[in-house]
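K.L.:
Sequence:
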Amino acid sequence: MNKEILAVVEAVSNEKSLPREKIFEALESALATATKKKYEQEIDVRVEIDRKSGDFDTFRRWVIVEEVTQPTKEITLEAARF
1 MNKEILAVVE AVSNEKSLPR EKIFEALESA LATATKKKYE QEIDVRVEID
51 RKSGDFDTFR RWVIVEEVTQ PTKEITLEAA RF
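The numbering of the sequence shown is the UniProt record's numbering, which starts it at 1 and goes up by one.
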């Protein structure tokens, strides 16, 4: 999918006269939104697209706490180390 991402970014950038960076940011946001919907939970997700290869990584972000009160957002330090 990485080559396709680069092709889409280039095509949209040329057709709409938009900076490539804006297209990448919009794609990252869309992929993060799709990931959140897939898991049907209120999670904090970040997507990064490599601007040269088109490869992307998805990261779930947690808040480290001593006692978990929001299991979809928080994790203990012990669990994070595991």
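None of these hints come from the bench; they were simulated from the model.
Please note that a few of the clues may not be correct.
[As the list claims (entries may be wrong)] Label-pair ranges, simulated between beta-carbon atoms:
| no. | residue 1 | residue 2 | range |
| --- | --- | --- | --- |
| 1 | E74 | E15 | 39 to 45 Å |
| 2 | R81 | T58 | 19 to 25 Å |
| 3 | A11 | R61 | 30 to 36 Å |
| 4 | A7 | R46 | 21 to 27 Å |
Every residue gets a Cβ at the ideal spot worked out from N, C-alpha and C, and that includes glycine.
K.L.:
39 to 45 Å was suggested as the range; check whether the CB atoms of E74 and E15 agree with it.
P.N.:
43 Å, holds
K.L.:
In this structure, is the beta-carbon distance linking R81 and T58 contained in 19 to 25 Å?
P.N.:
Holds - the Cβ-Cβ distance for R81 and T58, about 21 Å, lies within 19 to 25 Å.
K.L.:
Determine whether the Cβ-Cβ distance between A11 and R61 falls within the hinted range of 30 to 36 Å.
P.N.:
31 Å, holds
K.L.:
Do the beta carbons of A7 and R46 sit within 21 to 27 Å of each other?
P.N.:
24 Å, holds
In summary, this structure violates none of the numbered hints.
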